[in-house]
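S.K.: Residue numbers (the working numbering), protein chains in the order written: chain D, 596 to 751; chain P, 19 to 342.
It is worth saying that the hints were derived from the structure and are not from the lab. Backbone N, C-alpha and C fix where the C-beta goes; we use that ideal spot for every residue, glycine too. Among the hints, erroneous ones may be present.
The list that follows gives simulated cross-link-like pairs (lysine to aspartate or glutamate, EDC-like), each with its CA atoms no further than 20 angstroms apart [what the hints assert, rightly or not]:
no. : chain 1 : residue 1 : chain 2 : residue 2
1   : P       : 194       : P       : 322
2   : P       : 197       : P       : 100
3   : P       : 288       : D       : 686
4   : P       : 324       : P       : 140
5   : P       : 189       : P       : 143
6   : P       : 288       : P       : 322
7   : P       : 222       : P       : 82
8   : P       : 189       : D       : 686
9   : P       : 324       : D       : 686
From chain D, some residues computed to sit far from chain P (all C-beta separations above 10 angstroms) [said to hold, decoys possible]:
no. : residue
10  : 627
11  : 633
12  : 648
13  : 705
14  : 731
Under 7 angstroms between C-beta atoms, here's a sample of chain P residues computed to sit facing chain D [said to hold, decoys possible]:
no. : residue
15  : 322
16  : 323
17  : 326
Take a look at the letters that make up each chain.
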Amino acid sequence: MELTLQLSIVLASGLVADWSTVPADTYSYPESYAFEPVRTIANMNIYPVPYGVQSHSHAYQSECDASTSTLPPWNSYFATRFIISHNWSGESGPRIVPAQTARYYKLRITTNGGQEKWVSINPVQGPFSRYRNDRTAALLTEDQSLEEGPGGGGNG
Amino acid sequence: MVDWTVLLLGVALLGPQARPPVHPVTVLATHAQPSEFETRLIKLTGDELRREAESNGYLVARQDEFTFVRSKNLFNLAAMDELNASLGALIEAAGPNERVLRDRETVAKARELLATTQVASELGDALLDCESLLLYASASVTLSEGGRTVRIDLPSRPGDPLRAQDFTEIKPDRRKLEKLPRPQPYPDALVFSFGPTLASSDRKAAGSARFSEQVAAELARQNRRATEAEIALRAAMSQGVALPNVGESFQAFASRQSPDYMESLIGGFKAYGFESAGEWQAFLHGARVTRTRVVPMIGVPYSDGKINRIRAVSPIPQRNPPVP
Chain D
596 MELTLQLSIV LASGLVADWS TVPADTYSYP ESYAFEPVRT IANMNIYPVP YGVQSHSHAY
656 QSECDASTST LPPWNSYFAT RFIISHNWSG ESGPRIVPAQ TARYYKLRIT TNGGQEKWVS
716 INPVQGPFSR YRNDRTAALL TEDQSLEEGP GGGGNG
Chain P
19 MVDWTVLLLG VALLGPQARP PVHPVTVLAT HAQPSEFETR LIKLTGDELR REAESNGYLV
79 ARQDEFTFVR SKNLFNLAAM DELNASLGAL IEAAGPNERV LRDRETVAKA RELLATTQVA
139 SELGDALLDC ESLLLYASAS VTLSEGGRTV RIDLPSRPGD PLRAQDFTEI KPDRRKLEKL
199 PRPQPYPDAL VFSFGPTLAS SDRKAAGSAR FSEQVAAELA RQNRRATEAE IALRAAMSQG
259 VALPNVGESF QAFASRQSPD YMESLIGGFK AYGFESAGEW QAFLHGARVT RTRVVPMIGV
319 PYSDGKINRI RAVSPIPQRN PPVP
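Could you build the full structure based on these sequences and the hints that come with them?
M.R.: And the structure:
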């Protein structure tokens, strides 16, 4: 009778995939940024110069990818696997570029996501991990002096 | 013999009388023609001149027969002293990672610096509405290979994330530049005017020259301070940042970067003037670093109602702010 009971417990353990996060394997990425150049205007003159509008469009991707296992329970942040293409569009200018200045327009793409690794107590099925990359974009306009030496600006 | 005696006697007697008399000269330096007040001011002398000048924001200095009078803020000298002090607050806040400044006092100091730059001309009073600013180092390298030269941005070092609420929406009517406190732009000219004097023109010119030298020394001192502050700011932001060395293969540097960075770099081949990702990769494969640059930047995150933007410039104050 006692032997039968012990056997049932072992069988039950083998059948149920009881998922949990393991603290040592659960972590988040900090944000990361990448820049994609959109437009550069370099004014080599000693006087400011005007320039016109230019439109831009750009596609970038957000994704939650990796393990195809659908076994529960991914937490809600990682629950759905997805790949989304974002279309970003914007305009640069018109503006005046100061003398001896380069104006860089860059798309600053921020990856907001993180990674979390989930581990199953069943060694056959795990560990599984999923990666999530949510991206957002902002148009960064940066002026830098074309003069050598220290200084991105200033007019002493 | 007699002739020589007469001549020497004549020189001895006439010499002291030939030296021109010394007449006091009051020299006023301005950027434009003197105002009515300034014209009246340089007619005064002695204590009366000093009292009237100092109570109206002017400085008076004496040197030999010359009295120099100028506005405390000629060449924005007084304003620049305060701005260089504000730059000190940024040095304290700066580190190798990006920082989002939200502390009211630091933002106010950074805003004072921004008010002297092109950003103030573009965003106007809306700068007063922006309560978060991004402090970061813009690091780039110039690469050369096969006669082509390309500048690329290095990955920045994440720190505080910018939140959606950091992008203040700017209404078009806030772009006027009316309420934002900032040093006044001045005409790029230096005008010398003289108070009533019997001094000859050459003494007046000599007075102008000496006054110029004094102002030049003051400007040089301030510019040195600004350069030192900029170097300190860049040092704080470059601390521990692994930059590629000039002459190093870009490939070696790239192998130490995150896959995200390389993926984004390769995907942007068109923006770098290449026909295909393959051509761009071939360039990167053989490219060598010819220059590295780290420039401290301060960015204003805002939204124009359609897209999020960050407008960034060097925080080094501009002595003569651009005219809107």
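S.K.: Would the hint linking residue 189 of chain P and residue 143 of chain P be met if the CA-CA limit is 20 angstroms?
M.R.: The given pair, whose Cα atoms are some 10 angstroms apart, holds under the 20 angstroms limit.
S.K.: Against chain D, is residue 326 of chain P within 7 angstroms by beta-carbon distance?
M.R.: holds, 4 angstroms
S.K.: Run the distance test for residue 288 of chain P versus residue 322 of chain P: straight-line Cα separation, threshold 20 angstroms.
M.R.: violated, 27 angstroms
S.K.: So is residue 731 of chain D really clear of chain P, every C-beta pair being over 10 angstroms apart?
M.R.: violated, 8 angstroms
S.K.: Quick one, are residue 194 of chain P and residue 322 of chain P close enough, alpha carbons at most 20 angstroms?
M.R.: holds, 15 angstroms
S.K.: Does residue 288 of chain P pair with residue 686 of chain D here, judged by a C-alpha cut-off of 20 angstroms?
M.R.: holds, 18 angstroms
S.K.: Between the alpha carbons of residue 324 of chain P and residue 686 of chain D, is the straight-line distance 20 angstroms or under?
M.R.: holds, 10 angstroms
S.K.: Can you verify the interface hint for residue 323 of chain P: is its Cβ closer than 7 angstroms to any Cβ in chain D?
M.R.: violated, 12 angstroms
S.K.: Given residue 322 of chain P as an interface hint, is the shortest Cβ-Cβ distance to chain D below 7 angstroms?
M.R.: Constraint on residue 322 of chain P not satisfied, violated at 9 angstroms.
S.K.: Regarding the assertion that residue 627 of chain D does not contact chain P, is the least Cβ-Cβ distance greater than 10 angstroms?
M.R.: Non-interface label on residue 627 of chain D violated, nearest chain P Cβ at 6 angstroms vs cutoff 10 angstroms.
S.K.: Take a quick look at whether residue 197 of chain P and residue 100 of chain P sit within 20 angstroms of each other, Cα to Cα.
M.R.: Given that 20 angstroms is the threshold and the Cα spacing comes to 19 angstroms, the pair holds.
S.K.: Take a quick look at whether residue 222 of chain P and residue 82 of chain P sit within 20 angstroms of each other, Cα to Cα.
M.R.: holds, 13 angstroms
Checked against the numbered hints given earlier, the structure breaks hints 6, 10, 11, 13, 14, 15, 16 and satisfies all the rest.
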